[in-house]
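Engineer: If you want the building blocks of each chain, they are given just below.
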Amino acid sequence: MAGQSGTGTSATRRLGVLVILMLAALALCGLWFSAEDVVQGSTVRMMYIHVPSIWTAYIAFGLTGLCSAIYLSGKNRSLAWDRVAGASGEIGVLFVAVSLVTGSMWGRLTWGTYWVWDARLTSTAFLFITYVGYLAVRQLGGTHRQRARRSSVLALLAILEIPLVHFSVTLWRSLHQDASVANPNAKVELDGLMLFSLFLGLVAFTLLFVWLVLHRQRTMMLEDAFSDRGLDVAITARRNEAGA
Amino acid sequence: MDTVIELSGVVAVLGQFPALAGVDLSVQRGEIVLLQGPKGAGKTSLLRVCAGLMPIERGSGHVLGIDLATNREAIRSRVGLLGHANGLYLDLTVMQNLQFWASTVAATESEVSAAMATMRIDGRLAGVRASQLSAGQRRRCALASLIVRRAEIWLLDEPHAGLDAAGRDELDALLRSAVSSGATVVLASHERDRALGLATRTVTIDGGGAA
Amino acid sequence: MKHASFIFGSWGITAVSVAVYAVWVIRRGRELAKHATREEMPWT
Amino acid sequence: MNNTTIHKRRIAIAVARKDLTIEWNSRILVNQVAPFAAIVMVLFAFALDNDGILQRVAPGLVWLATLFSMLVVIQRSFTVESADGALDALRVAGVDMGAIFVGKAIALMVQLFVLELMLVATAVVLYGVEMTMVGFCEAIVTLVVATIGLGSVGTLYGGLAAGARGRETLLPLLLLPVVAPVLIGATRATEAAFGSGGTTVSEGWPWIGLLLVFAVLFCAVGTVAFGPLVDE
Numbered sequence: 001m002a003g004q005s006g007t008g009t010s011a012t013r014r015l016g017v018l019v020i021l022m023l024a025a026l027a028l029c030g031l032w033f034s035a036e037d038v039v040q041g042s043t044v045r046m047m048y049i050h051v052p053s054i055w056t057a058y059i060a061f062g063l064t065g066l067c068s069a070i071y072l073s074g075k076n077r078s079l080a081w082d083r084v085a086g087a088s089g090e091i092g093v094l095f096v097a098v099s100l101v102t103g104s105m106w107g108r109l110t111w112g113t114y115w116v117w118d119a120r121l122t123s124t125a126f127l128f129i130t131y132v133g134y135l136a137v138r139q140l141g142g143t144h145r146q147r148a149r150r151s152s153v154l155a156l157l158a159i160l161e162i163p164l165v166h167f168s169v170t171l172w173r174s175l176h177q178d179a180s181v182a183n184p185n186a187k188v189e190l191d192g193l194m195l196f197s198l199f200l201g202l203v204a205f206t207l208l209f210v211w212l213v214l215h216r217q218r219t220m221m222l223e224d225a226f227s228d229r230g231l232d233v234a235i236t237a238r239r240n241e242a243g244a
Numbered sequence: 001m002d003t004v005i006e007l008s009g010v011v012a013v014l015g016q017f018p019a020l021a022g023v024d025l026s027v028q029r030g031e032i033v034l035l036q037g038p039k040g041a042g043k044t045s046l047l048r049v050c051a052g053l054m055p056i057e058r059g060s061g062h063v064l065g066i067d068l069a070t071n072r073e074a075i076r077s078r079v080g081l082l083g084h085a086n087g088l089y090l091d092l093t094v095m096q097n098l099q100f101w102a103s104t105v106a107a108t109e110s111e112v113s114a115a116m117a118t119m120r121i122d123g124r125l126a127g128v129r130a131s132q133l134s135a136g137q138r139r140r141c142a143l144a145s146l147i148v149r150r151a152e153i154w155l156l157d158e159p160h161a162g163l164d165a166a167g168r169d170e171l172d173a174l175l176r177s178a179v180s181s182g183a184t185v186v187l188a189s190h191e192r193d194r195a196l197g198l199a200t201r202t203v204t205i206d207g208g209g210a211a
Numbered sequence: 001m002k003h004a005s006f007i008f009g010s011w012g013i014t015a016v017s018v019a020v021y022a023v024w025v026i027r028r029g030r031e032l033a034k035h036a037t038r039e040e041m042p043w044t
Numbered sequence: 001m002n003n004t005t006i007h008k009r010r011i012a013i014a015v016a017r018k019d020l021t022i023e024w025n026s027r028i029l030v031n032q033v034a035p036f037a038a039i040v041m042v043l044f045a046f047a048l049d050n051d052g053i054l055q056r057v058a059p060g061l062v063w064l065a066t067l068f069s070m071l072v073v074i075q076r077s078f079t080v081e082s083a084d085g086a087l088d089a090l091r092v093a094g095v096d097m098g099a100i101f102v103g104k105a106i107a108l109m110v111q112l113f114v115l116e117l118m119l120v121a122t123a124v125v126l127y128g129v130e131m132t133m134v135g136f137c138e139a140i141v142t143l144v145v146a147t148i149g150l151g152s153v154g155t156l157y158g159g160l161a162a163g164a165r166g167r168e169t170l171l172p173l174l175l176l177p178v179v180a181p182v183l184i185g186a187t188r189a190t191e192a193a194f195g196s197g198g199t200t201v202s203e204g205w206p207w208i209g210l211l212l213v214f215a216v217l218f219c220a221v222g223t224v225a226f227g228p229l230v231d232e
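Protein chains in written order, with the numbering used here: chain L, 1 to 244; chain X, 1 to 211; chain V, 1 to 44; chain F, 1 to 232.
Because the hints were derived from the structure by calculation, they are not lab data.
A virtual CB, placed ideally from N, CA and C, is assigned to each residue, including glycine.
Some hints here could point you the wrong way.
What the simulated footprint calls covered on chain L by chain F, stretch by stretch (three residues with Cβ under 8 Å from a Cβ of chain F suffice, anywhere in the stretch; the number is not a length) [unchecked claim]:
{"id": "1", "segment": "97-104"}
{"id": "2", "segment": "130-141"}
{"id": "3", "segment": "157-164"}
Computed far set for chain L versus chain F, every beta-carbon distance over 12 Å [to be verified]:
{"id": "4", "residue": "Arg14"}
{"id": "5", "residue": "Leu21"}
{"id": "6", "residue": "Leu28"}
{"id": "7", "residue": "Phe33"}
{"id": "8", "residue": "Asp37"}
{"id": "9", "residue": "Val51"}
{"id": "10", "residue": "Gly62"}
{"id": "11", "residue": "Leu109"}
{"id": "12", "residue": "Trp111"}
{"id": "13", "residue": "Val116"}
{"id": "14", "residue": "Gln146"}
{"id": "15", "residue": "Val203"}
{"id": "16", "residue": "Val210"}
{"id": "17", "residue": "Thr236"}
Now the stretches of chain X that chain F is said to cover, found in silico as 3 or more residues with beta-carbon under 8 Å [stated by the list, open to error]:
{"id": "18", "segment": "74-84"}
{"id": "19", "segment": "94-105"}
The task is simple: from the sequences and hints, build the whole structure.
Structural biologist: Below, the structure is given as structure tokens:
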């Protein structure tokens with residue numbers, strides 16, 4: 001039905017179907033089949049959605065930084081890199097916002113409050129604000145190249161800033177439970193199906209991210225093309241106005 | 001004669017607005033060229049492009065033999081643009097302004113006094129804050145800073161604006177003497193008659209294109 | 001299930017946010033593509 | 001090459017001296033920002049209204065007041081540049097942006113340092129803070145290192161926000177998250193220096209290390225990144 005009328009291709013449509021199937025499977029595994037945790041009980045089910053969200057946000061911001069670096073270092077400075085950086089940053093903000101909300105809901109159940117001043121939560125909040133600022137700078141106007149250069153430099157500054165903020169917040173306060181999978185002493189003991197659900201979530205969200213970036217950077221390409229075309233129209237108008 | 005500015009088919013944008021829609025321009029050393037046209041015709045943008053301040057989207061151009069598309073930053077130290085703003089620090093005195101510019105290009109004390117003499121800035125005026133100067137005095141102070149900076153091409157945007165008749169005549173005389181000592185001047189004006197006597201050549205610009 | 005409202009709530013918030021964003025992107029893409037030429041859409 | 005280094009150093013010194021001369025001529029810092037910062041300190045005392053709490057949180061209040069005042073000083077620093085197109089003029093003249101960054105950052109650091117000294121003195125007087133000799137030295141080191149970090153990062157982001165006309169609200173959004181490590185590090189180090197909440201002087205030095213990392217990093221990065229951020 002979509003034909004060639006949108007930002008989709010047969011590849012993205014196949015990817016989209018795959019993502020939907022995987023998310024459905026994730027919902028079944030995470031909410032139904034998998035067992036409850038010995039300590040955390042049913043609340044462990046929030047992990048299957050919360051951890052993939054924040055994972056996706058990290059991938060997204062990483063991609064933003066990478067594409068910004070490529071844009072600035074490339075000889076021809078293709079705006080395509082800037083658009084991928086921008087699309088990825090926008091999606092990263094979405095996922096970090098979602099994971100802040102689900103994280104604080106999870107916190108309400110495990111810690112009894114929506115917000116605790118622990119290191120990871122606090123530096124995630126800073127991550128969110130930093131990239132909201134990045135998106136605001138992208139909206140400042142000017143030519144595409146001005147936008148691209150400003151925002152690429154800012155994205156690289158953010159890459160520098162985030163470890164520093166995280167490190168200082170960690171020094172400031174560290175009471176949070178350790179990362180579940182990486183630390184063998186963690187409170188959560190994952191059995192086979194629980195681990196499978198978590199990894200299914202990570203894969204599904206990563207593919208979802210790829211699908212979103214593909215579409216978003218194509219819409220951005222169209223937005224840029226339209227403002228360029230607006231430029232062509234305006235040039236003709238100015239020339240006519242001169243002749244009149 | 002040697003060509004100092006050479007533009008062909010230059011398009012430049014302000015935001016999404018095409019301030020220049022395909023401009024051709026050629027200026028020789030030692031000329032006083034008047035860009036003439038109504039307000040909003042693109043005169044200011046043309047001067048900013050020549051100064052290497054505004055990027056060109058399409059077309060090609062060279063200033064003092066330097067390519068505008070690839071190396072516009074290199075042009076900047078050799079031209080002086082005086083726009084609607086004079087580029088002065090309002091909380092500094094005239095002398096402090098000129099000394100600041102002098103220290104950025106390592107100009108000597110005697111070069112500063114020479115510039116002040118050319119622009120007829122005396123000791124009393126030198127001690128006045130820029131915020132307390134008249135429009136003509138600010139213009140003279142800004143032109144003096146161009147001399148201190150050793151600019152080879154002077155790009156002046158509406159230099160006569162805000163000056164009274166005596167101030168305009170004085171400015172014309174100052175510009176002629178600057179040209180005779182080696183500068184090239186391109187000035188923009190929408191007042192046709194005012195600058196005609198000064199210019200050695202006139203270029204009409206309208207709708208973002210030069211005719 | 002214990003805490004069902006929180007668990008389904010967090011899944012729901014995630015699903016709805018992502019879905020709204022995805023629909024917005026797709027619709028905006030279709031809207032713009034209506035007026036676009038082939039050259040402006042190199043992926044087709 | 002050595003020649004360009006000398007050239008850049010000369011520009012940086014000229015810019016710093018120019019900014020400080022402007023402050024000397026206009027007295028904005030002395031007549032407006034410093035009273036603002038002082039009144040903030042007094043208002044904190046009204047809001048918290050408890051001598052014990054005030055002594056405990058005095059270091060944090062000093063640095064919060066510094067950050068808020070810094071926003072004003074940075075905005076002033078770039079209003080001066082844009083009021084009559086002076087930054088444009090510097091750009092047209094091809095003056096090295098890295099050198100301008102260093103110059104403006106130094107001027108900002110000097111002004112911030114004066115402001116912080118005043119705020120610390122206010123805290124000592126108003127909040128009844130008592131310091132040992134070693135604590136005093138540590139407080140001075142903290143001020144210097146934190147100010148270098150704040151001055152460089154403030155100039156960097158101030159330039160970006162100033163390049164975008166009419167978007168002054170952007171500066172706090174961009175700057176405040178970045179200076180969080182300074183707020184954390186400087187507050188803890190100052191607590192150690194003041195001995196607030198039973199902390200000892202030796203607890204402060206690791207935090208000064210954090211401040212040092214921040215300062216070195218943003219001085220280096222700012223010199224490179226300022227030009228592309230400010231340029232059209």
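Engineer: Are the hints correct? Go through all of them and say.
Structural biologist: Hint-by-hint comparison with the structure:
Requiring three or more residues with a Cβ within less than 8 Å of a Cβ of chain F, the coverage given for the segment 97-104 of chain L is violated, as only 0 such residues are present. Using a Cβ-Cβ cut-off of 8 Å, 7 residues of the segment 130-141 of chain L lie near chain F, which meets the minimum of three, so the contact claim holds. As drawn, the segment 157-164 of chain L meets chain F at 4 residues by the rule of a beta-carbon pair under 8 Å; at three or more, the given contact holds. Every beta carbon of chain F lies more than 12 Å from that of Arg14 (chain L), the smallest distance being close to 40 Å; the non-interface claim holds.
For Leu21 (chain L), the shortest C-beta to C-beta distance to chain F comes to about 39 Å, beyond the 12 Å cut-off, and the non-interface label holds. Annotated as non-interface, Leu28 (chain L) keeps its C-beta farther than 12 Å from every C-beta of chain F; the closest such distance is 39 Å. No beta-carbon of chain F is positioned within 12 Å of the beta-carbon of Phe33 (chain L); the least distance is around 41 Å. With a least beta-carbon separation of about 34 Å from chain F, Asp37 (chain L) lies farther than 12 Å from that chain, consistent with its non-interface assignment.
No beta-carbon of chain F comes within 12 Å of the beta-carbon of Val51 (chain L); the shortest separation is about 24 Å. Every Cβ of chain F is farther than 12 Å from the Cβ of Gly62 (chain L); the closest lies at roughly 18 Å, confirming the non-interface assignment. A cut-off of 12 Å between C-beta atoms confirms that Leu109 (chain L) is not in contact with chain F; the least separation is 28 Å. Its beta-carbon lying about 22 Å from the closest one in chain F, Trp111 (chain L) satisfies the requirement of being farther than 12 Å from that chain.
The non-interface label for Val116 (chain L) is consistent with chain F: the shortest C-beta to C-beta separation is roughly 17 Å, beyond 12 Å. Not every CB of chain F is more than 12 Å from the CB of Gln146 (chain L) (nearest about 6 Å), against its label as outside the interface. Under the 12 Å C-beta cut-off, the non-interface status given to Val203 (chain L) relative to chain F holds; the minimum distance is some 31 Å. For Val210 (chain L), the condition that its CB be more than 12 Å from all CB atoms of chain F holds, with the nearest at approximately 28 Å.
Separation of Thr236 (chain L) from chain F is adequate, the least Cβ-Cβ distance of about 25 Å exceeding the 12 Å criterion. For the segment 74-84 of chain X, the stated coverage by chain F is satisfied: 10 residues place a CB nearer than 8 Å to a CB of that chain, which reaches the threshold of 3. Beta-carbon proximity to chain F at under 8 Å applies to 6 residues in the segment 94-105 of chain X; the threshold of 3 is reached and the given coverage holds.
Violated hints, listed in ascending order, are 1 and 14; each of the other numbered hints is respected by the structure.
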